[in-house]
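*Asks:* Spelled out from the first residue to the last, the chains are:
Number of protein chains: 2
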Amino acid sequence: MASAGGPSPGRLASAYSEVQTSRLHHSLPLPSVLTSHFSLVDGPPSSASGNPDKIAELFPSLFGQPSAALVPAKVMAEGKPLKVGVVLSGGQAPGGHNVICGIFDFLQDRAKGSTMYGFKGGPAGVMKCKYVELNSDFVYPYRNQGGFDMICSGRDKIETPEQFKQAEDTANKLDLDGLVVIGGDDSNTNACLIAEYFRGKNLKTRVIGCPKTIDGDLKCKEVPTSFGFDTACKIYSEMIGNVMTDARSSGKYYHFVRLMGRAASHITLECALQTHPNIALIGEEVAAKKETLKNVTDYITDIICKRTEHGYNYGVILIPEGLIDFIPEVQKLIAELNEILAHDVVDEAGVWKSKLESESKKLFEFLPPAIQEQLLLERDPHGNVQVAKIETERMLISMVETELEKRKAEGKYKGQFIGQSHFFGYEGRCGLPTIFDASYCYALGYGAGALLQSGKTGLISSVGNLAAPVAEWTVGGTALTSLMDVERRHGQFKPVIKKAMVELDAAPFKKFASLRDEWALKNRYISPGPIQFIGSGSDAVNHTLLLELGVQA
Amino acid sequence: MASAGGPSPGRLASAYSEVQTSRLHHSLPLPSVLTSHFSLVDGPPSSASGNPDKIAELFPSLFGQPSAALVPAKVMAEGKPLKVGVVLSGGQAPGGHNVICGIFDFLQDRAKGSTMYGFKGGPAGVMKCKYVELNSDFVYPYRNQGGFDMICSGRDKIETPEQFKQAEDTANKLDLDGLVVIGGDDSNTNACLIAEYFRGKNLKTRVIGCPKTIDGDLKCKEVPTSFGFDTACKIYSEMIGNVMTDARSSGKYYHFVRLMGRAASHITLECALQTHPNIALIGEEVAAKKETLKNVTDYITDIICKRTEHGYNYGVILIPEGLIDFIPEVQKLIAELNEILAHDVVDEAGVWKSKLESESKKLFEFLPPAIQEQLLLERDPHGNVQVAKIETERMLISMVETELEKRKAEGKYKGQFIGQSHFFGYEGRCGLPTIFDASYCYALGYGAGALLQSGKTGLISSVGNLAAPVAEWTVGGTALTSLMDVERRHGQFKPVIKKAMVELDAAPFKKFASLRDEWALKNRYISPGPIQFIGSGSDAVNHTLLLELGVQA
Numbered sequence: 001m002a003s004a005g006g007p008s009p010g011r012l013a014s015a016y017s018e019v020q021t022s023r024l025h026h027s028l029p030l031p032s033v034l035t036s037h038f039s040l041v042d043g044p045p046s047s048a049s050g051n052p053d054k055i056a057e058l059f060p061s062l063f064g065q066p067s068a069a070l071v072p073a074k075v076m077a078e079g080k081p082l083k084v085g086v087v088l089s090g091g092q093a094p095g096g097h098n099v100i101c102g103i104f105d106f107l108q109d110r111a112k113g114s115t116m117y118g119f120k121g122g123p124a125g126v127m128k129c130k131y132v133e134l135n136s137d138f139v140y141p142y143r144n145q146g147g148f149d150m151i152c153s154g155r156d157k158i159e160t161p162e163q164f165k166q167a168e169d170t171a172n173k174l175d176l177d178g179l180v181v182i183g184g185d186d187s188n189t190n191a192c193l194i195a196e197y198f199r200g201k202n203l204k205t206r207v208i209g210c211p212k213t214i215d216g217d218l219k220c221k222e223v224p225t226s227f228g229f230d231t232a233c234k235i236y237s238e239m240i241g242n243v244m245t246d247a248r249s250s251g252k253y254y255h256f257v258r259l260m261g262r263a264a265s266h267i268t269l270e271c272a273l274q275t276h277p278n279i280a281l282i283g284e285e286v287a288a289k290k291e292t293l294k295n296v297t298d299y300i301t302d303i304i305c306k307r308t309e310h311g312y313n314y315g316v317i318l319i320p321e322g323l324i325d326f327i328p329e330v331q332k333l334i335a336e337l338n339e340i341l342a343h344d345v346v347d348e349a350g351v352w353k354s355k356l357e358s359e360s361k362k363l364f365e366f367l368p369p370a371i372q373e374q375l376l377l378e379r380d381p382h383g384n385v386q387v388a389k390i391e392t393e394r395m396l397i398s399m400v401e402t403e404l405e406k407r408k409a410e411g412k413y414k415g416q417f418i419g420q421s422h423f424f425g426y427e428g429r430c431g432l433p434t435i436f437d438a439s440y441c442y443a444l445g446y447g448a449g450a451l452l453q454s455g456k457t458g459l460i461s462s463v464g465n466l467a468a469p470v471a472e473w474t475v476g477g478t479a480l481t482s483l484m485d486v487e488r489r490h491g492q493f494k495p496v497i498k499k500a501m502v503e504l505d506a507a508p509f510k511k512f513a514s515l516r517d518e519w520a521l522k523n524r525y526i527s528p529g530p531i532q533f534i535g536s537g538s539d540a541v542n543h544t545l546l547l548e549l550g551v552q553a
Numbered sequence: 001m002a003s004a005g006g007p008s009p010g011r012l013a014s015a016y017s018e019v020q021t022s023r024l025h026h027s028l029p030l031p032s033v034l035t036s037h038f039s040l041v042d043g044p045p046s047s048a049s050g051n052p053d054k055i056a057e058l059f060p061s062l063f064g065q066p067s068a069a070l071v072p073a074k075v076m077a078e079g080k081p082l083k084v085g086v087v088l089s090g091g092q093a094p095g096g097h098n099v100i101c102g103i104f105d106f107l108q109d110r111a112k113g114s115t116m117y118g119f120k121g122g123p124a125g126v127m128k129c130k131y132v133e134l135n136s137d138f139v140y141p142y143r144n145q146g147g148f149d150m151i152c153s154g155r156d157k158i159e160t161p162e163q164f165k166q167a168e169d170t171a172n173k174l175d176l177d178g179l180v181v182i183g184g185d186d187s188n189t190n191a192c193l194i195a196e197y198f199r200g201k202n203l204k205t206r207v208i209g210c211p212k213t214i215d216g217d218l219k220c221k222e223v224p225t226s227f228g229f230d231t232a233c234k235i236y237s238e239m240i241g242n243v244m245t246d247a248r249s250s251g252k253y254y255h256f257v258r259l260m261g262r263a264a265s266h267i268t269l270e271c272a273l274q275t276h277p278n279i280a281l282i283g284e285e286v287a288a289k290k291e292t293l294k295n296v297t298d299y300i301t302d303i304i305c306k307r308t309e310h311g312y313n314y315g316v317i318l319i320p321e322g323l324i325d326f327i328p329e330v331q332k333l334i335a336e337l338n339e340i341l342a343h344d345v346v347d348e349a350g351v352w353k354s355k356l357e358s359e360s361k362k363l364f365e366f367l368p369p370a371i372q373e374q375l376l377l378e379r380d381p382h383g384n385v386q387v388a389k390i391e392t393e394r395m396l397i398s399m400v401e402t403e404l405e406k407r408k409a410e411g412k413y414k415g416q417f418i419g420q421s422h423f424f425g426y427e428g429r430c431g432l433p434t435i436f437d438a439s440y441c442y443a444l445g446y447g448a449g450a451l452l453q454s455g456k457t458g459l460i461s462s463v464g465n466l467a468a469p470v471a472e473w474t475v476g477g478t479a480l481t482s483l484m485d486v487e488r489r490h491g492q493f494k495p496v497i498k499k500a501m502v503e504l505d506a507a508p509f510k511k512f513a514s515l516r517d518e519w520a521l522k523n524r525y526i527s528p529g530p531i532q533f534i535g536s537g538s539d540a541v542n543h544t545l546l547l548e549l550g551v552q553a
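Going down the list, the sequences are from chains F and B. Taking UniProt numbering, I'd label the letters of the first sequence as residues 1 to 553. Taking UniProt numbering, I'd label the letters of the second sequence as residues 1 to 553.
Think of the hints as simulated: they come from the structure by calculation, not from any bench. As the structure is a computational prediction, the values presented were derived from the model and not from experiment. Careful: at least some of the hints might be erroneous.
As the list claims (entries may be wrong) - Derived pair list, reagent style DSS-like, types lysine-lysine, alpha-carbon separation capped at 25 Å:
1. F:130 with B:289
2. F:414 with B:221
3. B:499 with B:289
4. F:130 with F:201
When you get a sec, could you build the whole thing from the sequences and use the hints?
*Replies:* Printed below as a string of structure tokens:
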């Protein structure tokens, strides 16, 4: 089933732009511990993020294993050749190609004679043993380039006993010493389950995870950030900075910008810290304060009215994609709608509405007609409302418009309001990785190789001290079981790596909260401009990371 | 009415990003003719772009005046101090601030003791004598920065006799030697009318225009491009390149990208040449071939079906914002709708539709319901359909979807189609100007100063030889009347600078046409990446300009 190991037809068919070419030739620095002899030092036994007894039951072989750190060593044995597979899992994030290059270069440098396979199209490629053998020519055109197209990704999971068996067959067939799973929280949980399964079966194949997601919600003490977050936020911030300049220049638009990142609002928070918008909604705060859609609308409308008094009929508002997932009453309405629409037909006269509870009915009627229609018509294959398809920025524009008209009629608002909607999403997740993401990913991959060579399994590649120069970065692996808790699903305990949400008492949110009133009325816009690969700002690390590391941003 | 000449509160209130700061400190080169002694050489008498006798009637003082070129001179008299006003007119374009800086620096360098005024909020600022006196501190924070917020812009025109009188009063009150109008085709036409009026009244105030528009449709032999086009296209191309990588990586999306630029399709053509999409629709070609919406839908659908046969269920499609303005049958439908809706009510039963001619009725029923609704509900203050508000990319997705379902039912299509809509507009028109736009604008402004000093009026600042290094650029002024033709409006002849449309027999379109079949089925995507201000590609000039100048792109 292997494709020929030759260069990728996709990339070769394209000419490269000057910037792509210059990035291709950019040589990557490594943390100094990776540039010389090193050895692995184990930490103390680990536990779990929650419910350690349940995690111990689910991971009998792996639970409690220590995390590991690379430290300089005087001598180092020549590494034996390894057979290593790599798979990309889930949505794209800038830097994925560099993780693969990092593993590849580690094997070339430190385990001469090794073989590397790239599984095609995500975990399905592992199950179907669909792969390509990676060699220097094949890997080369993807160095420092965006996207996941070297081997592509997929959203399948290895879940059923049959699927684990398929993965086992692949590992045996290719005689794999190691498998690197590059993915988000779900994919790393899956990686740990595979590691446990392989260990339980006494397979020699070790499994190492790598933290990928532009959403920034896979992180912990040892994994300070997921890759791709830095690049995506900088691309969105470039665009936000531009529409801020537009708002200030034309003086007549309110730009409502919805930003990708459904579960957590890290992207919105980071972009807010980079650009200083008039308003940025943080889903975690909306949830903590149990706000209603009316509260959110009023919050925006109040600021718009105050800005009019200051002479500003323009502004920029950032909205996390997942905002309405954080609003309890909306969740309730959607649950009721799913229930009703599963059994009833929506009659034009609206009799079906009587089945909604009174609060939900009130909320439904408060929604703009276009959104009502979307809630009723856009269903996924299971018949559920497709929340992700709701264009929250348009919904808010419409609700704010209605509220402003009301206030105008009451003589409380005298401004002019033109809302302009934007969604910044796809353009961020496949951009050329920043210098930070390029180096970070390369170190993650190179480190993953070192972990495999030392026989480690069930760890997530962990690179730390990220605010320092690359040479000083720390390298190691964190026990995946130590990040886990359980959730009860369909009567069973399932292991999960809990998504890291925006913490309302941590430095990044507190900094934002301390400044936002000023940003709301005075225009403190910053335009970060396009990502630079040389000179000013090219080495910058994202603000939230700096704040979380306790470094002055 | 003058504000204090101090630094701008808007910009000072903001911190600058590292990239903004680095651009602030970037010193601009000038064409060598502007760096030493020069004199002005007049060309032969000029005519008009069309109907020279009518233009001669409309511009009795200015018609026939020669264009002028700056040439090196052995000696040069010290320039007398001048009083010069500047005004920004119409939509933002990256580089506008640098035109102002160019004029300012010219006056500082070559006409010591001069005074410069910035009229606020566009031509209304001229009429109302609302201005700010520009000085070094005030101008400084805007050097090489995007936006128009230094003095802001506006869309008013100086049209009625009263308004011309107001402009005259302002010129007299400020004792202006010159006025520079930075704008598009309409604004430059207006500039020429003001120049004629001032000359006719024997005012000393000269008027010089500067070619601004991201749309790229204000150009001629002497004015090879309008400023802002280069930056906007590069920003859009960055985003397009990213969604291309996304399409290739995920393998499941058709990204339909609508690009700003309503009248002409230059932006779409330039972005196509930069990025090599699978499909790019060029309005001028659609019009020339008298295509229907069904033709356009079929063209896209055919390529999607062929791509499925090649194994591709993804792609990228570029759509000019003004597409439907180019489709004759849509124009006809809209004209009929405007007529009907001005007098009749839209009844739910649809009786009103019987008033549409049969072809228009058929077209209307072919349109997706959401677009039908938009056509009926979204009216401008004059009751007309707001064509600009129609989201062409969503309309096309919907029509292609319907056609694909039909073909699927007929067994002619077996693929999966997910359309993803994008509009790239506002984020491009206020970006940090590229090195090209920054230098070009600075030369335009500096040259405008030189033209005013030489007593010229009714010229548009013209900088040429743009594919060469800046030092070799030519500098001069082109008689605005020579760019003009007349149009009959409300029974009167009105002077117009005809918009430069995409020429189907010129090099840029021909290059695109020769490559598009290959781009359609094979993926030749190029990802230009973010604009760089140092190193690779930072000095690049846009492709269409290179092709139009006969330089190999």
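*Asks:* Take the C-alpha atoms of residue 130 of chain F and residue 289 of chain B, compute the straight-line distance between them, and say whether it is at most 25 Å.
*Replies:* 47 Å, violated
*Asks:* For residue 130 of chain F and residue 201 of chain F, compute the direct alpha-carbon distance and say whether it is at most 25 Å.
*Replies:* Holds, at about 22 Å.
*Asks:* Against the 25 Å threshold, does the CA-CA distance of residue 499 of chain B and residue 289 of chain B hold or violate the hint?
*Replies:* Between residue 499 of chain B and residue 289 of chain B the Cα gap is close to 20 Å, so the pair holds against 25 Å.
*Asks:* Taking 25 Å as the top limit, are the C-alpha atoms of residue 414 of chain F and residue 221 of chain B close enough?
*Replies:* Cα-Cα ~48 Å, so violated.
Violated hints for the displayed structure, listed by number in ascending order: 1, 2.
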